[in-house]
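Asker: Model the full structure from these sequences, guided by the hints.
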Amino acid sequence: MTSSTETVSTQDIIDYAARLGDDAIVIGHRLSEWVSKAPFIEEDVAIGNVALDFFGHARMYYTYAAEVSNKQNGTDDITEDNFAYLRDERQFQNHLLHELHKGDFAYTTARQLLVDVYNKHFLEQLKNSNDETLAAIAVKAAKETRYHCRRSKDWTLRLGDGTSESNEKMQLALNDIWGYSHELFELDDLEQRLVDAGIAADCTLIKADWLKEVTAIIEEATLTVPDQEWAVRGGRQGYHTEHLGHLLTEMQFIHRSFPGAKW
Amino acid sequence: MSLEKLELFEVFLRSKRGLDHKHAGSLHAEDKEQALEYARDVYTRRSEGVSIWVVKSNDICASQEDDSDSFFDPSDDKPYRHATYYDIPKEVGTM
Chain A
0 MTSSTETVST QDIIDYAARL GDDAIVIGHR LSEWVSKAPF IEEDVAIGNV ALDFFGHARM
60 YYTYAAEVSN KQNGTDDITE DNFAYLRDER QFQNHLLHEL HKGDFAYTTA RQLLVDVYNK
120 HFLEQLKNSN DETLAAIAVK AAKETRYHCR RSKDWTLRLG DGTSESNEKM QLALNDIWGY
180 SHELFELDDL EQRLVDAGIA ADCTLIKADW LKEVTAIIEE ATLTVPDQEW AVRGGRQGYH
240 TEHLGHLLTE MQFIHRSFPG AKW
Chain B
0 MSLEKLELFE VFLRSKRGLD HKHAGSLHAE DKEQALEYAR DVYTRRSEGV SIWVVKSNDI
60 CASQEDDSDS FFDPSDDKPY RHATYYDIPK EVGTM
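Keeping their order, the protein sequence lines are chains A and B. Here numbering that gives the first Met the number 0 is used: position 186 in the first sequence is 185, and no number is missing along the way. Here numbering that gives the first Met the number 0 is used: position 37 in the second sequence is 36, and no number is missing along the way.
The hints are simulated quantities; they were obtained by calculation from the structure and are not laboratory data. Mixed in with the good hints there might be a few duds.
Stated by the list, open to error - BS3-like cross-link-like pairs, simulated, lysine-lysine; straight-line CA separation at most 30 Å:
1. A/Lys101 - B/Lys4
2. A/Lys36 - B/Lys55
3. A/Lys36 - B/Lys4
4. B/Lys31 - B/Lys55
5. B/Lys21 - A/Lys142
6. A/Lys139 - A/Lys211
7. B/Lys21 - B/Lys77
8. B/Lys55 - A/Lys142
9. A/Lys101 - A/Lys119
Stated by the list, open to error - Computed, partial: chain B to chain A, Cβ under 7 Å:
10. Leu26
11. Tyr37
12. Asp40
Claimed, not checked - Listed next, with one range per pair, are the computed distances between beta-carbon atoms:
13. A/Thr221 - B/Val54: 28 to 34 Å
14. B/Arg44 - A/Asn69: 31 to 37 Å
15. B/Arg45 - A/Lys261: 22 to 28 Å
16. A/Glu228 - B/Lys21: 52 to 58 Å
17. B/Leu7 - A/Tyr238: 45 to 51 Å
18. A/Trp262 - B/Arg44: 16 to 22 Å
19. A/Ser256 - B/Glu3: 39 to 45 Å
20. B/Val49 - A/Gln191: 41 to 47 Å
In this text, all values refer to a predicted model and were calculated from it rather than measured experimentally. By construction, the Cβ of each residue, glycine as well, lies at the ideal position given by its N, Cα and C atoms.
Answerer: Below, the structure is given as structure tokens:
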């Protein structure tokens, strides 16, 4: 954690903050798709709240990326909106797991379990970043993430250990998405540089804890941890599934049609 | 999931330490643990509370409209139950 930061460029920090923002905004958007369509109104409110938490995290990361960009370019007009609304699919670097379609409620629950438990451990690492802004964002986001974990564990147990139909749907969902979980724990060159400089969270360190916690919940829910070997990766390089383009089209439409529009 | 299978819960919030829990509203949930989480999401978004109670609505035994004659009317003609009924002797001063 004490090695020099000479090898790290300002652009690295911008790219890293932006990809963390991408993860948050994309999963937030997916959750927001449940609003008005959740199984009942209490869940509608609750899942909307979680979506808003993720948008809050995205704003913190994007605002930081914008701030560093302005400093780097001597400008003052780059904002969080540039990152959220004015970049295309190839520029988004979120993990693929986040962008997969909304699916049914079991699918959303299974994905959320993997993502929330991941975030819990990831943010614990990021709290130790020697970049003060990233560390502060991690502290704030971690509180909400603890609640997200509680919710996704609760739903996993409820559906897994529910009826035979809900159990089957949960198992199918886990089997469908498991292959997308591997890239969560991989570092590319950018993140390796930032880890060496003590700035980025080292996601390779949290895989064992993540797997242990997720396995315990899945087994308690009378489900089985998928043992498929297949893995899909590419999100951090901007190679996406067919789902992201549709999501961005919907999310960016207003801003691109009416540039500068305000509420 | 159908709403008919869910139970109705009453939600009570305490806004500050030292104050009483006050009835905030009701919601549907599968069980009390879920009711507590939904109460948090539905009723405490703007720091309205430091403590939440949830109670199954069915577990509340409530007085009925029909009971009001026998329950509440008898106190109407007992003004001496109110402190204002009594003259306070001058010696007592301000209370």
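Asker: It remains to establish, for every hint, whether it holds in the given structure.
Answerer: Hint check results:
1. A/Lys101 - B/Lys4: holds, 25 Å
2. A/Lys36 - B/Lys55: holds, 26 Å
3. A/Lys36 - B/Lys4: Holds: A/Lys36 and B/Lys4 sit about 18 Å apart, inside 30 Å.
4. B/Lys31 - B/Lys55: Roughly 8 Å separates the two Cα atoms, so the pair holds.
5. B/Lys21 - A/Lys142: Holds - the C-alpha atoms of A/Lys142 and B/Lys21 are around 26 Å apart, at most 30 Å.
6. A/Lys139 - A/Lys211: Answer holds: A/Lys139 to A/Lys211 is near 25 Å, not above 30 Å.
7. B/Lys21 - B/Lys77: Answer holds: B/Lys21 to B/Lys77 is near 29 Å, not above 30 Å.
8. B/Lys55 - A/Lys142: This hinted pair holds, its Cα atoms lying about 29 Å apart.
9. A/Lys101 - A/Lys119: Distance ~22 Å between A/Lys101 and A/Lys119 Cα, so the pair holds.
10. Leu26: holds, 5 Å
11. Tyr37: holds, 4 Å
12. Asp40: Cβ of B/Asp40 sits 4 Å from chain A, so the hint holds.
13. A/Thr221 - B/Val54: 28 to 34 Å: About 30 Å separates the Cβ atoms of A/Thr221 and B/Val54, which means 28 to 34 Å holds.
14. B/Arg44 - A/Asn69: 31 to 37 Å: Check passed, 33 Å falls within 31 to 37 Å.
15. B/Arg45 - A/Lys261: 22 to 28 Å: Holds, at about 24 Å.
16. A/Glu228 - B/Lys21: 52 to 58 Å: Given about 56 Å between the Cβ atoms, the range holds.
17. B/Leu7 - A/Tyr238: 45 to 51 Å: At 49 Å between Cβs, range holds.
18. A/Trp262 - B/Arg44: 16 to 22 Å: holds, 19 Å
19. A/Ser256 - B/Glu3: 39 to 45 Å: holds, 43 Å
20. B/Val49 - A/Gln191: 41 to 47 Å: Since the Cβ atoms of B/Val49 and A/Gln191 sit about 44 Å apart, the hinted range of 41 to 47 Å holds.
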